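Generate coordinates for the entire structure from the input sequences, incorporating the hints supplied.
Chains S and V, in that order, are what the protein sequence lines are. Going left to right, the first sequence walks through residues 27 to 379 as our numbering numbers them. Going left to right, the second sequence walks through residues 10 to 287 as our numbering numbers them.
Careful, some of the hints might be misleading.
Here are the computed lysine-lysine pairs in the DSBU-like style, where the Cα-Cα straight-line distance is at most 35 Å [to be verified]: (1) K365(S) with K240(S); (2) K365(S) with K263(V); (3) K124(V) with K293(S); (4) K293(S) with K87(V).
Treat the hints as calculated values from the structure; they're not laboratory data. The structure presented is a predicted model; accordingly, all values stated were derived computationally and were not measured.
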Amino acid sequence: MSEEKKELITTEDAIEGRREFLKNVCLTGATALVAGPASVSAAVEAASADADTTVAEFFQGHFVLMSDVEKEKAIERLEKRYTAKYEKKTTVSNVPAPEDTLFGYALDISKCIGCRRCVHACVDENNQSRNDPEVQWIQVMKIPKGNFAFSADKLEKGYPETSQFGDYGVQVGGNAHTRVGGIGTEEAQSHFDDLVTPDNDHFYVPVQCQQCEKPPCVKACPVRATFRDSAGVVLIDYNWCIGCRMCQLACPYQARRFNWGEPNLPKEEMNPHTHYFGNRPRMRGVMEKCTFCAQRTREGRNPACLEACPVGARKFGNLLDPESEVRKILATKRVFRFKEEFGTYPKFFYYVG
Amino acid sequence: MHSLITPTKFAVLALCGLLAISLGLYKSAESAEQMSAKTQNEPLVTDCYESREGYTTVTRVEGAVPQYGYPNIKCSQKTGAVLWYGDPYEGTVPMGEMPEITDATRGNYANAVVKPREPRLMYFNMGPDGCKTCHDGKTVPAPKNKKPRELAMHQDIVENSMQLMHGRGSLWCLDCHSATDRNKLENRQGVQIGFNQPQRLCGTCHGELYIDWRAGIHGKRTGDWAANGKKRWWVCTECHNPHTVQVNRFNPIKQEAPPALPRGMKNADHERMPHGEH
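This is the structure in structure tokens:
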């Protein structure tokens with residue numbers, strides 16, 4: 027399978043480390059741990075799936091490194107567990123990322139009105155815990171207008187030159203590369219609660235995972251549970267994640283969310299169309315974040331946040347296709363990246379339409 | 010089996026146990042009332058609106074997407090807005106004829122669908138002949154000229170016809186509506202245009218925006234992300250009210266609920282306080 031080649035994980039050591047750890051636990055107290063009432067793993071929450079299945083899920087390997095047969099079995103186990111738990115037919119897809127694609131996102135901050143429909147659409151799609159803990163992958167900041175600046179000079183400069191350190195990141199053309207503008211987050215609010223929106227003295231900046239080309243979270247993960255796929259999207263194998271939260275600390279965008287408690291996802295609100303690396307229900311003690319709706323975008327459909335945006339401020343597409351909306355925006359609009367100075371090269375762009 | 014436990018393995022186990030207990034404690038600290046309050050669902054909002062209130066409405070149908078058994082839409086309990094689509098093409102029709110734009114990168118509309126506007130217009134659906142039910146030349150006589158005058162009708166659409174809130178005094182009804190066939194719009198070249206294709210009208214005056222719209226930059230397209238995929242193109246009047254753009258280009262809408270406050274915090278004043286002396 028081509029996916030296997032592309033989503034290659036190189037640090038065998040890290041994986042071996044986790045294996046060892048698990049083996050030790052296994053030898054000594056596997057039964058106690060798995061049957062224990064408050065164990066850390068997903069294994070336990072599946073009250074209705076049989077014990078063999080849950081133990082197998084607990085000890086499964088990194089999904090990317092599994093053989094096709096192992097993958098099939100892992101998916102089967104999950105589908106069985108979810109279908110029983112949420113009392114509806116649940117599919118866990120394993121479609122690979124499309125070929126010749128680099129996913130990118132563009133958001134028009136001159137249009138965004140801070141209505142938060144994207145935030146809630148994301149929750150409806152991605153099976154986050156609804157309350158206590160409430161988990162949301164998009165945070166909308168409301169920022170006084172003075173905090174936004176553009177440099178017309180730099181805008182004229184066009185394509186970037188290779189620096190002394192080499193030529194990093196995606197060359198998407200236009201003004202995407204040079205720092206033409208930016209936003210200060212001084213006096214930003216994210217708990218604002220107004221009757222109607224927008225408030226014309228402010229602008230609004232939704233922030234979610236920026237899908238960096240050089241993702242600091244991937245570097246920080248000691249077990250390589252989080253990785254970049256061939257379409258440039260940073261994903262997580264929730265079963266492989268050990269919940270150490272190093273990635274959360276590493277992310278300059280505060281885009282990662284940790285399941286401190288057992289996710290609280292009512293049966294009737296659960297979305298049964300899931301992907302292994304996308305919106306399948308998570309368990310306590312693992313990290314999660316925006317995946318550009320892997321379950322949708324890998325099947326060709328736009329992300330849920332884009333579909334919900336009433337003003338059309340959100341654009342998604344293939345950065346390698348000059349016909350795509352994102353590429354046209356990069357070529358014709360004033361574009362910048364958030365916290366560009368961190369050198370993370372996000373594939374999430376902000377622009378002024 | 011227990012004799013196998015070496016000191017290090019024991020430490021690992023002990024740590025596991027601690028972690029498990031602390032997570033358990035966190036869990037039990039949650040208030041039970043809060044949980045039950047949210048899980049007891051209020052009646053679902055089922056008649057929902059899309060971009061803005063009073064425009065396109067959609068009714069929630071359970072099990073509308075048979076493969077997964079999910080509803081056609083999910084709506085906000087707070088505002089009644091549509092938040093999530095099971096099927097992005099529900100209720101759409103092919104966009105129909107569009108004038109060519111020669112630039113090769115623009116104007117791919119072979120797979121374009123739109124939601125028709127005609128079924129949404131109150132006046133259009135008052136009789137079998139649409140607007141012509143009244144505007145048949147007899148019941149309501151055809152206007153003699155295009156000069157603005159006070160109207161005895163349609164105040165719900167245009168409050169004061171002498172002060173149309175579009176074009177800063179330079180436009181009147183008959184710059185957009187056909188004088189002879191009221192079921193149609195009419196652009197400045199005298200081409201008649203259906204209500205389902207308002208972009209062809211707006212485009213004649215707002216060329217720059219129209220080009221952006223054709224390129225997918227202005228406005229919104231849902232469905233496939235691929236440049237040549239099937240997409241629902243949102244038409245101008247789904248977002249703009251042509252009779253009030255001067256008051257609001259885009260009418261303000263209600264806001265969805267803010268995120269939960271951090272644990273133990275009673276309000277979000279910490280965000281609103283100016284930090285230090287600046």
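Inset, instruction - Would you list, in rising numerical order, the hints stated earlier that this structure does not obey? - result: Going through the list in order, the structure violates no hint and respects every one.
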